[in-house]
Amino acid sequence: MRKLALNDEILLSIQQPARYIGGEVNMVIKDPEKVDVRFAMCFPDVYEIGMSHLGIQILYSMFNSREDICCERVYSPWTDLDPILREKKIPLFTLETQEPVKNFDFLGITLQYEMCYTNVLQILDLSQIPLHTCDRTENDPIVIGGGPCAYNPEPLADFFDLFYIGEGETVYFELMDRYKENKKAGGTRKQFLEMAAEIPGIYVPAFYDVTYKENGEIASFCPNDPKAPEKVKKVIVTYMDKVYYPPKMIVPLIETVHDRVTLELFRGCIRGCRFCQAGFVYRPVREKDYQTLIKQAHSLIDASGDDEISLVSLSTSDYTCFHDLANGLLADFSKDQVNLSLPSLRIDSFSLDLMEKIQEVRKSSLTFAAEAGTQRLRNVINKNLTEEDILKGCALAFSGSWERVKLYFMIGLPTETEEDLIGIADLSAKVVDKYYEIERDKKPRPVTVVASSSCFVPKPFTPFQWDAQDTYQQFSEKARLVKSHIARKQIKYNYHDAKLSSLEGVMARGDRRVAKVIYRAWEKGCRFDSWSEIFDFGKWMEAFEETGVDPAFYANRKRSFDEILPWDHISIGVSKQFMINERKKAEMAVTTPNCREECSHCGAAAFGGGVCFESGKENKI
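Counted from 1, the sequence shown has number 435 at position 435 by our numbering; the numbering is strictly sequential.
Misleading hints may appear alongside valid ones.
To be verified - Heads up, simulated BS3-like pairs for lysine-lysine below, C-alpha to C-alpha not over 30 Å straight-line: (1) Lys88 / Lys30; (2) Lys184 / Lys233; (3) Lys516 / Lys558; (4) Lys335 / Lys248; (5) Lys231 / Lys516; (6) Lys242 / Lys180; (7) Lys213 / Lys233; (8) Lys248 / Lys295; (9) Lys227 / Lys184; (10) Lys227 / Lys102; (11) Lys406 / Lys392; (12) Lys539 / Lys516; (13) Lys584 / Lys558; (14) Lys539 / Lys89; (15) Lys180 / Lys34; (16) Lys233 / Lys516; (17) Lys584 / Lys233; (18) Lys576 / Lys231; (19) Lys248 / Lys180; (20) Lys516 / Lys190; (21) Lys558 / Lys233; (22) Lys190 / Lys231; (23) Lys516 / Lys227; (24) Lys102 / Lys248; (25) Lys30 / Lys102; (26) Lys88 / Lys516; (27) Lys102 / Lys180; (28) Lys183 / Lys30; (29) Lys430 / Lys585; (30) Lys489 / Lys392; (31) Lys183 / Lys227; (32) Lys489 / Lys406; (33) Lys539 / Lys558; (34) Lys248 / Lys30; (35) Lys406 / Lys335; (36) Lys3 / Lys89; (37) Lys335 / Lys295.
Quick caveat, the hints were computed from the structure, so don't treat them as lab data.
Please construct the entire structure, taking both the sequences and the accompanying hints into account.
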């Protein structure tokens, strides 16, 4: 029987002790003495969030498929356990063997959201690993970061030994083999990092020097080690049917945010929405075969006993066999009361037939991403969705007896006007009117339209990466304007915390100087900043003031096209000139066709697969 790192007294004194004891179905435990590499995989948030992340499930199973590697998990201890670990000097431990993280060869941290950055420092500190890379010794784990936020790694560059740029299934095993080779030869930490820097997709921050102009802009960004490339190009899986996918996933002992089987249909997105970082960094679109997905669904359901299958991708209904797949899954699993969960869909490609079939199993609300309240602004962001499409989709939903619709919008988008903001209220009202138009020959049932607006955050590797973000005061004023025009009782309007989004804007486009702000905020007690009940904006503002860093320089300043950006040494394949062209088209409210309609020569064809080659003929760059 495993010995737990926390005794009964501690476990009985905290919320959800199951977060820390492991022992879940399909968990893998290996003898540390019989493996060559020990990898601690970390999601820097509470267990219930981290266990819902598909990427960690994939890498966990992939690493453990090799006999010479063991992979174990660690999550951020909640606020009740954190002080106990410090007081009793208990080092942070993994769930599988309950061993201290500091005893592992690697600590891999996925960076999914900028507002988890202080949790990264919490993890390092509780693990008794020096926070700054320059302070680590030969006995400390190699700390590696990956995930979407790694595409601008600079705010965290002081804390990570290396970053993995791209998809984890591609070069991780090569990285592990280099580590084994270096370890066998008695090599040093630096020698391994130099070996790692030669692998495509691996970025070692210490091997680069940055200088700044008097106005605060970057003057130069250059390698200081001959092993480090000038540009680090992302690595991706070319053929999705050949990529590793877990035959079974860990089944948590407590309820998590997404407690279901997850099927990944494809990676990338054909749409090119100009605000969406994921739509550009994950290009090109690469699909799985329909039969592959059916087999994976059966394997995962059999291994978990879950009663829901979630279809995930950036724009699920763009999967070329979407309706066949959904109908096939319903035919195979509805008799066992296994529900099919669909994320936000493009209204113009959703069908009444599919909605009705899903409703037969379990009814839920439908979510449509309208993004903007007027057609002009939808054209600016390249949404390629008309008001007619939106209302037609809602009409189909209402005809299928759906009575609750969620509409997602964004405020603070480039070129936005007061008319665009009022358009959010107007469009929501039109959806209500459409419901009563559909139901006019029946006794009307209550309808609910939930309109939610998030705050626009300019992200790296998007056509809006040069744009100024609104201040949190401006965001709040705009949300109040929208709310003041909501006149129908059937409409509920929600809006995001503007202060949180304002801070996210700083982290998203920060450079290495932002690291000292993150460190100071962590020193002041900032943790779990994405949790509204814990987030302390005042402490963050104090951290900026005490470190002499101006948040407006990063969030609220418009950049020129020729400015060196903190992430310019990272290459996602999509060219900078394409981004500039898209930004200019946005100014004119001109749209770009999706990748299946017409190739826009963005640069992603250089990866040699996916949608760029679907026709059998290469789209030349």
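Comparing the hints with the structure gives:
1. Restraint check: the Cα-Cα separation between Lys88 and Lys30 comes to about 28 Å, which is no more than 30 Å; the hinted pair holds.
2. A threshold of 30 Å between alpha carbons decides the hint, and for Lys184 with Lys233 the separation of about 29 Å falls inside it, so the pair holds.
3. At most 30 Å may separate the alpha-carbon atoms for a hinted pair to count; Lys516 and Lys558 meet this at roughly 23 Å.
4. A distance of roughly 22 Å separates the Cα atoms of Lys335 and Lys248; the hinted pair therefore holds under the 30 Å criterion.
5. Restraint check for Lys231 and Lys516: the C-alpha separation of about 25 Å stays at or below 30 Å, so the hint holds.
6. Between Lys242 and Lys180 the alpha-carbon distance is near 26 Å, which keeps this suggested pair within the 30 Å criterion.
7. In summary, the hint linking Lys213 to Lys233 is supported, as the alpha carbons are separated by about 26 Å, within the 30 Å threshold.
8. Taking the CA atoms of Lys248 and Lys295, the gap is near 12 Å; set against the 30 Å cutoff, the hint holds.
9. A threshold of 30 Å between alpha carbons decides the hint, and for Lys227 with Lys184 the separation of about 21 Å falls inside it, so the pair holds.
10. A C-alpha spacing of about 28 Å is found between Lys227 and Lys102, which places the hinted pair at or below 30 Å, so the restraint holds.
11. Between Lys406 and Lys392 the alpha-carbon distance is near 15 Å, which keeps this suggested pair within the 30 Å criterion.
12. The suggested pairing of Lys539 with Lys516 holds, with an alpha-carbon distance near 14 Å, which does not exceed 30 Å.
13. Of the supplied pair hints, the one linking Lys584 and Lys558 holds, its CA atoms being roughly 14 Å apart against a limit of 30 Å.
14. At most 30 Å may separate the alpha-carbon atoms for a hinted pair to count; Lys539 and Lys89 meet this at roughly 26 Å.
15. Of the supplied pair hints, the one linking Lys180 and Lys34 holds, its CA atoms being roughly 14 Å apart against a limit of 30 Å.
16. For the suggested pair Lys233 and Lys516, the alpha carbons sit about 27 Å apart, so the restraint of at most 30 Å is met.
17. The hinted pair formed by Lys584 and Lys233 meets the criterion: a straight-line CA distance of about 26 Å does not exceed 30 Å.
18. Taking the CA atoms of Lys576 and Lys231, the gap is about 13 Å. The hint holds against a cut of 30 Å.
19. A C-alpha spacing of about 28 Å is found between Lys248 and Lys180, which places the hinted pair at or below 30 Å, so the restraint holds.
20. For the given pair, Lys516 sits about 24 Å from Lys190 by alpha-carbon distance, which is consistent with the 30 Å threshold.
21. This hinted pair checks out: Lys558 and Lys233 have alpha carbons roughly 26 Å apart, not beyond 30 Å.
22. At most 30 Å may separate the alpha-carbon atoms for a hinted pair to count; Lys190 and Lys231 meet this at roughly 20 Å.
23. For a cut-off of 30 Å, the pair hint linking Lys516 to Lys227 stands: about 27 Å separates their Cα positions.
24. For the suggested pair Lys102 and Lys248, the alpha carbons sit about 28 Å apart, so the restraint of at most 30 Å is met.
25. Pair hint Lys30 plus Lys102 holds up; C-alpha atoms about 17 Å apart against a cutoff of 30 Å.
26. Proposed proximity of Lys88 and Lys516 is supported: the alpha carbons are some 28 Å apart, at most 30 Å.
27. Our distance criterion of 30 Å between C-alpha atoms is met by Lys102 and Lys180, whose separation comes to about 18 Å.
28. Distance hint between Lys183 and Lys30 is fulfilled; the C-alpha atoms sit about 20 Å from each other, no more than 30 Å.
29. Taking the CA atoms of Lys430 and Lys585, the gap is near 29 Å; set against the 30 Å cutoff, the hint holds.
30. Simply put, Lys489 and Lys392 have alpha-carbon atoms about 22 Å apart, close enough for the 30 Å limit, and the pair holds.
31. Proposed proximity of Lys183 and Lys227 is supported: the alpha carbons are some 19 Å apart, at most 30 Å.
32. Between Lys489 and Lys406 the CA atoms are separated by roughly 15 Å; this keeps the pair inside 30 Å, and the hint holds.
33. Taking the CA atoms of Lys539 and Lys558, the gap is near 26 Å; set against the 30 Å cutoff, the hint holds.
34. The suggested pairing of Lys248 with Lys30 holds, with an alpha-carbon distance near 17 Å, which does not exceed 30 Å.
35. Of the pairs offered as hints, the one joining Lys406 and Lys335 holds, with about 28 Å between alpha carbons and a cut-off of 30 Å not exceeded.
36. Our distance criterion of 30 Å between C-alpha atoms is met by Lys3 and Lys89, whose separation comes to about 18 Å.
37. The straight-line distance between the Cα atoms of Lys335 and Lys295 is roughly 17 Å, inside the 30 Å bound, and the hint therefore holds.
In summary, the structure agrees with every hint in the numbered list given earlier.
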